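Those protein sequence lines, which keep their order, are chains P, Z, A and E. According to this note's numbering, the stretch in the first sequence is residues 205 to 336, in order. According to this note's numbering, the stretch in the second sequence is residues 205 to 336, in order. According to this note's numbering, the stretch in the third sequence is residues 205 to 336, in order. According to this note's numbering, the stretch in the fourth sequence is residues 205 to 336, in order.
If you're looking for bench data, these hints aren't it; they were derived computationally from the structure. Here the structure is a predicted model, which is why all the values come from computation and not from measurement. Don't take each hint at face value.
One copy or two, it doesn't matter: identical chains are merged, so the pair holds either way.
Heads up, simulated EDC-like pairs for lysine to aspartate or glutamate below, C-alpha to C-alpha not over 16 Å straight-line [stated by the list, open to error]:
id : residue 1 : residue 2
1  : Lys-268   : Asp-316
2  : Lys-209   : Glu-263
3  : Lys-210   : Glu-326
4  : Lys-210   : Glu-234
Protein chains: 4
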Amino acid sequence: MFQTKKVIRLYHTDAAGVIFFAQLFVLAHECYEGFMDQVLPLRTILDEGQILMPITHAEADYQKPIRVGDALDVTLTLGAQTAHSFTLNYTFKKDDTQVATVSTRHVVVHADFSGKTRLPEELRQALDAITQ
Amino acid sequence: MFQTKKVIRLYHTDAAGVIFFAQLFVLAHECYEGFMDQVLPLRTILDEGQILMPITHAEADYQKPIRVGDALDVTLTLGAQTAHSFTLNYTFKKDDTQVATVSTRHVVVHADFSGKTRLPEELRQALDAITQ
Amino acid sequence: MFQTKKVIRLYHTDAAGVIFFAQLFVLAHECYEGFMDQVLPLRTILDEGQILMPITHAEADYQKPIRVGDALDVTLTLGAQTAHSFTLNYTFKKDDTQVATVSTRHVVVHADFSGKTRLPEELRQALDAITQ
Amino acid sequence: MFQTKKVIRLYHTDAAGVIFFAQLFVLAHECYEGFMDQVLPLRTILDEGQILMPITHAEADYQKPIRVGDALDVTLTLGAQTAHSFTLNYTFKKDDTQVATVSTRHVVVHADFSGKTRLPEELRQALDAITQ
Numbered sequence: 205m206f207q208t209k210k211v212i213r214l215y216h217t218d219a220a221g222v223i224f225f226a227q228l229f230v231l232a233h234e235c236y237e238g239f240m241d242q243v244l245p246l247r248t249i250l251d252e253g254q255i256l257m258p259i260t261h262a263e264a265d266y267q268k269p270i271r272v273g274d275a276l277d278v279t280l281t282l283g284a285q286t287a288h289s290f291t292l293n294y295t296f297k298k299d300d301t302q303v304a305t306v307s308t309r310h311v312v313v314h315a316d317f318s319g320k321t322r323l324p325e326e327l328r329q330a331l332d333a334i335t336q
Numbered sequence: 205m206f207q208t209k210k211v212i213r214l215y216h217t218d219a220a221g222v223i224f225f226a227q228l229f230v231l232a233h234e235c236y237e238g239f240m241d242q243v244l245p246l247r248t249i250l251d252e253g254q255i256l257m258p259i260t261h262a263e264a265d266y267q268k269p270i271r272v273g274d275a276l277d278v279t280l281t282l283g284a285q286t287a288h289s290f291t292l293n294y295t296f297k298k299d300d301t302q303v304a305t306v307s308t309r310h311v312v313v314h315a316d317f318s319g320k321t322r323l324p325e326e327l328r329q330a331l332d333a334i335t336q
Numbered sequence: 205m206f207q208t209k210k211v212i213r214l215y216h217t218d219a220a221g222v223i224f225f226a227q228l229f230v231l232a233h234e235c236y237e238g239f240m241d242q243v244l245p246l247r248t249i250l251d252e253g254q255i256l257m258p259i260t261h262a263e264a265d266y267q268k269p270i271r272v273g274d275a276l277d278v279t280l281t282l283g284a285q286t287a288h289s290f291t292l293n294y295t296f297k298k299d300d301t302q303v304a305t306v307s308t309r310h311v312v313v314h315a316d317f318s319g320k321t322r323l324p325e326e327l328r329q330a331l332d333a334i335t336q
Numbered sequence: 205m206f207q208t209k210k211v212i213r214l215y216h217t218d219a220a221g222v223i224f225f226a227q228l229f230v231l232a233h234e235c236y237e238g239f240m241d242q243v244l245p246l247r248t249i250l251d252e253g254q255i256l257m258p259i260t261h262a263e264a265d266y267q268k269p270i271r272v273g274d275a276l277d278v279t280l281t282l283g284a285q286t287a288h289s290f291t292l293n294y295t296f297k298k299d300d301t302q303v304a305t306v307s308t309r310h311v312v313v314h315a316d317f318s319g320k321t322r323l324p325e326e327l328r329q330a331l332d333a334i335t336q
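Hey, can you work out the whole structure from these sequences and the hints?
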């Protein structure tokens, strides 16, 4: 698995005093980008202009209020995988208590969105390494 | 059902040229806030300080690329409902073609997050009116 | 001048209970995009791929707390203008009381950021029309 | 001075392929929050409920395109200071080249926004330590 730490900042929160729910997806994607930095950076993908890996499904469950200053441990593992897609599961913990989970499904497509294509080999191998 | 229109702005998009997935949840929540404005504005809820209605589950499916300038028709309908919670379903269409859907489940809690409480009566009635 | 209305939504605010300062810039840019929709939509500029109009300077002054649900009247007028750049001034009012101002300076550049180029003629004319 | 590093993530960018200008303010504020974590965390300020330190003026200059994956060195120093306010200056560098600057002016107010009050002593001392 891949692990990182995220501190909740003021812009993640809203006037109800806790995280604005959509920001949890932003935090998950930051974790994903950190993972990809070691494998196939998004910048490289965009510069090469051959493929994109848009998210086709995303979901989150919120178990505990998350507040500004909370330091969360994020764990990334691989869910389902096909030749053209992969699902990533994120677990957010605060002091060993799970506070939220996120899941995102990515499909590999040609950069003009004309259709599916296969996962890059280096990504496939890196995903194997974070299989739960 | 409740309907509104949202135009995709530059800040909704990212360097891949399409909407950043988390922004779809922001757009859905804006639609929800527009609905609540007619029923029980979020500002009123926050000012009264009795209850909050945090999201405990959110999910989205992305069917078509969404780009800056796209004018989307958003439809809001009620999904499952209990004494303490309700699910809202959002459909995003561009020129009558569905491009994405969102679902959010809200639980009504005491404002200190100490436990569940019942849906305000005016909200319960307004939700009845958007039952699919 | 160009005018629009913006309602402050939950995602604009933070745990201090008021607007997160950076969101005022987002609101200003949305107003700018609404103005451009009538002149030269950003989508058209991006699709044509000839020029970009990045912001080289931005500033804001915050006079009154802005809260969720506030309906703000935004006024856009032209500030300084050169052959290659233009400054836009935004005034935000709530019930006729000014609550904030924003200013953004845009420079017209070749789409590869290789250097300045002249304002498109249709934009130059539209800016004339919002000269204060 | 106070220093930190920020990596530009996809959500910071827009369809023009570079950072969305308002996100630079978000990055600056994250740096500020990192500084405050060592002095007087925002969470503590909000929990105590005595004061707030809203931003009354913000400005930014953008010198070079900033793209996804860019690792920026951020330096925070103190600008002007009064009994009730302070200005923070942020410099963003990529590989020793300055790419942008931000400045934010904060005023210390009673938490109900009823008027100005003095800087907390621990903050005053910490600001002394980052005087340029």
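Do the hints match the structure? See the list:
Proximity of Lys-268 to Asp-316 under the C-alpha cut-off of 16 Å is restricted to the inter-copy arrangement: shortest distance 12 Å between copies versus 40 Å within a copy. Taking CA atoms no more than 16 Å apart as the test, Lys-209 paired with Glu-263 passes in neither setting, with 20 Å inside one copy and 24 Å between copies. In this homomeric assembly, Lys-210 and Glu-326 never come within 16 Å of each other (Cα to Cα): the closest approach is 26 Å inside a single copy and 26 Å across copies. For the homomeric pair Lys-210 and Glu-234, the shortest alpha-carbon distances inside one copy (9 Å) and between copies (12 Å) are both at most 16 Å.
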